[in-house]
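Participant: Read off the chains here:
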Amino acid sequence: MRAWIAATSAFLIGFAATNRALVSRVPLPAEAGLRSKVEYVRAHADDFDVLLVGSSATLYGVRPDVFEEELARLGHPGVRSFNLGVGGMGSFEAAQVLEGVLSERPARLAWVLYEEPLFDPLLWYPDVYNPRYVHWHDLRTTVDAIGAVALADAPPPYKVDEYAADWLGRFDWRLALAAEHLGLFGWRATALGEGPDLARRWTARDADPLWPSRSELERDRGWMDISLDPEEGARRAHEKFREDPAAWRARVDAIRASADERPALEGTYDVASLRGLLAAIRGAGAEPLVYVAPRGLPSPLMASLRDAGELDALLEFHLPSRYPRLAEEALRWDASHLNAEGATEWSRAFAAAFAAHLDATGRSARRTPSR
Amino acid sequence: MLFVEFRFLAFFALVLAVAWSLRGDRARKGWLLAASYAFYAAWDWRFLGLILLSTAVDWIVGARIHAAEGRRAVQRGWLAVSLTVNLGLLVTYKYFDFFAESLNALLAWLGIGTSMPVLELVLPVGISFYTFQTLSYSLDIFFGRLRPARSPLDLALFVAFFPQLVAGPIVLAKEFLPQLAERPRWQDVDARRALVLFFVGFVKKSCLSDALSPYVDAVHAAPEAVGTAAAWLGAAAFSAQIYCDFSGYTDMAIACAALLGYRLPKNFDAPYLTRTVGSFWTHWHMTLGRWFREYLYVPLGGNRRGERRSLVNIMIVFLVSGLWHGAAWTFVVWGLIHGLFVSAERTHRWRRLTRMPLLPSILYVNLVWAISMVVFRAQDMSGATALLRAMVVPTAHVGTAGAPAVPAWIGPTLGAAFLVHALWQRLGIERRWAGLSPAAFGLTYGVAVALALPWVSTNPAPYIYFAF
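Going down the list, the sequences are from chains S and F.
Each residue of the first sequence is one higher than the one before, starting from 28 at the first, in this note's numbering.
Each residue of the second sequence is one higher than the one before, starting from 135 at the first, in this note's numbering.
The set of hints was computed from the structure by calculation and includes no laboratory data.
Ideal Cβ positions, reconstructed from N, Cα and C, are used throughout, including at glycine.
Careful: at least some of the hints might be erroneous.
Here are the computed distance ranges between Cβ atoms for each label pair [unchecked claim]:
(1) L148/F - P327/S: 41 to 49 Å
(2) L186/F - A362/S: 52 to 60 Å
(3) R279/F - R227/S: 54 to 62 Å
(4) T230/S - L148/F: 37 to 45 Å
(5) D271/S - R141/F: 43 to 51 Å
(6) A404/F - R69/S: 43 to 51 Å
For the chain S half of the interface with chain F, some residues (derived, Cβ under 8 Å), not all of them [as the list claims (entries may be wrong)]:
(7) S36
(8) A37
(9) I40
(10) L49
(11) E221
Residues of chain F placed beyond 10 Å of chain S at every Cβ, according to the derived structure [as the list claims (entries may be wrong)]:
(12) D178
(13) A197
(14) A202
(15) R205
(16) V256
(17) P312
(18) E316
(19) A328
(20) S413
(21) R483
(22) R489
(23) R565
Okay, chain S solo, but in the shape it has when bound:
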C-alpha cells in the first residue's frame, strides 16, 4: 500500500509539474486574428488609452483613427485607442482575453469600452472542440460558464436534437451543455492536441504568418474593412443581406418594438460575472464603459442592467431611434456588420457619445498624472 501511495503521489507531482509547464506555453489560437491582435496589444500594453473589446461588430465597425480624430475635435486630444474586436468573441472569451491584457498592468490604459457583456454560456459553433472554445476554458472561466448554464433558457435551435440524443441531455439539455464545458476544460487543462502548436512555437517555425500582420495592426489599430475579409461567410452574408432588404427592415422594427422592454435580471443574467469583469477593469486602474453595437439585435438586458444600477452608463448604438444612420442599408455590409462607410459613421458617433460621457462625468479620456 505504501508503494502505491508513493507511486501515485509521485505520478501526480510529475504530471502536474509537466502539465503546468506545457499548458502555460500553449499559444493563443490563431483563428480570426485572435493571437495576432492579443499578442500585439500585450506587447504594446502601455501604448493605448482606450481599448475597445468586442465581437466582429466592433472589429469591422470601429475605426480608431476616426474615433480619435473625432474625440480630439470634441475636446479630448491625444487619445490612443485600439480595436480589440475579434470575430465570434463572446463575453467569456473576451473577459479572459482582457484579463490577459490587464495582467500586463498597462500604465496608460484609462478606458475599456466593452461590447454588450451577455455572458452567454451557449456554445454556438457546431464544432464545439474548436481551438478558440478550448482556449478560454480555463478553470475559472469554465466555472463561470457552467454557473451561467442554469440561466440559459434554450439551446441553439440547431442543437436541440443533438442534446436530446445525448444521454445527459435526456435528463436536461443544460447537463449536456455543462458536460461540453467540462470536456473543453479537460482539453485545455491537458493541452490535448496542442503538440504541433507548441513545437512550432519552440522551434519558432509558425507555418503561416499570423494574420493580421504587425504592419496592418500598426496602420489600422485593430480595425478591419469587412469588404477585405477573405472568409467566404462574409461574402455570403453580404449577398443574403442585399437580396432580402425586407428582412433587415423587420429586424429594425423589432429593435424599435423592444426598446422599452426591461426583462428581470434575476434568474436570467449572470450578474456575478459582470461584476467580476467590471472589478477587474477597475482593479487595473481603468474605467469600464459598456456599449451595445449596432448589430441588428435588440438588447433589453443591458438596459435592465443600467436601470438596476449594475452599469454606470450604457451606450446604445443599436437603437434606430437614437442612431438612425447606423440602421440605413447603405451603411451596412450585412445584418450584423457595418461596411467601411458605416464604420466611419459609427466611429464618429461612438466618439461623440464617449466624449459626452466624459464631459458629463468630468472624467478624462486619458489617465491623469495622479493616477
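With the hints as your guide, set chain F onto chain S.
Facilitator: Leaving out everything else, chain F in the frame of chain S:
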C-alpha cells in the same frame, strides 16, 4: 468505444474496480462477461446475437466431440457443425457479396445473363477474430489437445473477453481457459508493466498512427494525382501507421487483460527489423500466424510431404490469410505476394538472402512490406496500380490539383514511430521502466503522460484492424 477514448478509460476503471472487489470467482467472471457484452454492444448491440450463437454452438459441439471420444466419424460430424456455423456466419457477413460480385463479373464476361444477389450486410466488428477463437476451441478438443470448458460462463468469457474481442490478439482456448480455472490474485499482477504497456500502446495509436492517418488517407484518396516521392512517402507512412495502430491496440489489450489478471499472447516482436519475409511473419501478428500454422498449415500436411507440397501449403495459407483480412481482390493479391516471397525464400537460391548483411536484408523486408501494403491499403486494384506505377515511374505530380500536401510533421512522426519500434523492445525499456522504484516510476509515468497528451489526436480514427 476505442481504447484511446476517455469513455473507455472510465469504463475500464469501473470494470477493474468491480472485478477486483468481487469475492466470488463466478461473480467476477459473470461481471467480466457482462462488461464484455456491454463493450461489444457499444459498437452494435444487434450483433451480440452472433457471438452468443457462436458460443452456444461451440459449447454443444465441444461437449459432443469430447463425449464421442474414440468415434472419429462422430467427432468429425460435430466438428463439421462448428465449422459450418462459424465459417458460415463469417462467409455470409464478410465474403458473400465479394464472391457474388466476382461471380457476377465472371458471368457477365462470359456473356451469361444471370446474376447472384448481393446482401449488402454490415460487417460485424471483430467477427474474424472471435470466429477464429471459437474455432480453436472445437478444433483443439477434436485434436485431443483440450478438454471442454468447465462451464458455459468460462467459454463465453473466453470468446467475448473485451480486451481482445474486436482485434485480437487471437487467443487460443487452450491458453486462456486454464487461466479461468482459478481466481487471479492481485499480488500476481505486474501492474507497473501493464501500465507501461498501456501507455506505449496509447502513444503508438493516438500520437503516431492517428497523426499519419490523414496523409495516408489523402494519398489513397487520389492515387492518380500522386507523384513518385509522395507515393513512396505514403507507403512508408502507411507501414508506420499500421504498425503503430495494430501493435498499439495489442499493447493496450494485453495491458488491460494483465490488469484484470489474465495473460494474452504477444502479437508483435519488432517485425520491421527482421531479415526475411518468412521471418517477418513470425514477428508480425504472431497470433494469426500461429493460428494458421496450427489449424491450416499443419493439417494440410505442413512440410511433411515434401518441398513442393510445402510450398503449395504456404501459398494456400497466405491466400486465406489475405482473404481473412478483407473481402477484396487487393487482399488476395497482397496475400499472394507474401506467399510468393515466403515460398521463394525457401528455395535454395533465395536462401542466400539470409546471409546478406543486416541492413540490406532489413531493407529488403521493408521494401516488400511497404510495396505490398500499397495494394493492401488501396481502395481497389486500379488505385493500387496507379500508386505502384507512380513509385516505379518517376513522376512529379506533387502540387497539382488533388495531390496531397506533405505535412511538415511527417518526418518527425515517422522518426518517432521508428524509434518506438526499433528501440522499445531491443533496449528492454518496458522492463527497465517498470523496474524503477515506485516513486521513480510514478514520477516518470506522470511526466510521460503529461508530455504525451498534447500529441494525442483530437480526432481519433478507428483501429485499422477493426475493419477485418
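Participant: Confirm or reject each hint.
Facilitator: Comparing the hints with the structure gives:
1. Checking the proposed 41 to 49 Å range against L148/F and P327/S shows it holds: the Cβ atoms sit about 48 Å from each other.
2. A hinted range of 52 to 60 Å holds for the C-beta pair L186/F and A362/S, which are about 58 Å apart.
3. Range check, R279/F to R227/S: about 57 Å between beta-carbon atoms, so the 54 to 62 Å window is met.
4. Evaluation of the 37 to 45 Å hint for T230/S and L148/F yields a pass: the beta carbon distance comes to about 41 Å.
5. D271/S and R141/F have their C-beta atoms about 44 Å apart, which keeps the hinted 43 to 51 Å range intact.
6. Distance hint check: the CB atoms of A404/F and R69/S are about 49 Å apart, consistent with the given range 43 to 51 Å.
7. Taking 8 Å as the C-beta contact cut-off toward chain F, the hint placing S36/S at the interface holds, the least distance being around 7 Å.
8. Look at A37/S: its Cβ gets to within about 3 Å of chain F, closer than 8 Å, so that hint holds up.
9. Because the closest C-beta pair between I40/S and chain F is about 6 Å apart, less than 8 Å, the hint holds.
10. A hinted interface residue such as L49/S counts as satisfied when its beta carbon comes closer than 8 Å to some beta carbon of chain F; here the least separation is about 6 Å, so the hint holds.
11. Because the beta carbon of E221/S sits about 5 Å from the nearest beta carbon in chain F, less than 8 Å, this interface hint is met.
12. The claim that D178/F is not at the interface with chain S holds, since no C-beta of that chain comes within 10 Å of its own (minimum 17 Å).
13. For A197/F, the non-interface assignment is confirmed: its Cβ lies about 41 Å from the closest Cβ of chain S, beyond the 10 Å cut-off.
14. With 10 Å as the threshold on Cβ separation, the claim that A202/F sits away from chain S holds: the shortest Cβ distance comes to roughly 49 Å.
15. Annotated as non-interface, R205/F keeps its C-beta farther than 10 Å from every C-beta of chain S; the closest such distance is 54 Å.
16. Chain S leaves V256/F outside its interface by the beta-carbon criterion, the shortest separation being 21 Å against a cut-off of 10 Å.
17. Look at P312/F: its CB is around 29 Å from the nearest CB on chain S, clear of 10 Å, so calling it non-interface holds up.
18. Residue placement check: E316/F keeps its beta carbon more than 10 Å from all beta carbons of chain S (closest about 24 Å).
19. Every CB of chain S lies more than 10 Å from the CB of A328/F, the least distance being 13 Å, so the non-interface label holds.
20. Even its closest Cβ contact with chain S, about 35 Å, leaves S413/F beyond 10 Å, as expected for a residue assigned away from the interface.
21. Consistency note on R483/F: stated as away from chain S, and its beta-carbon is indeed over 10 Å from all of that chain's, at 49 Å minimum.
22. Every Cβ of chain S is farther than 10 Å from the Cβ of R489/F; the closest lies at roughly 43 Å, confirming the non-interface assignment.
23. Listed as a non-interface residue, R565/F keeps its Cβ farther than 10 Å from every Cβ of chain S; the least gap is roughly 17 Å.
The structure shown violates none of the earlier numbered hints.
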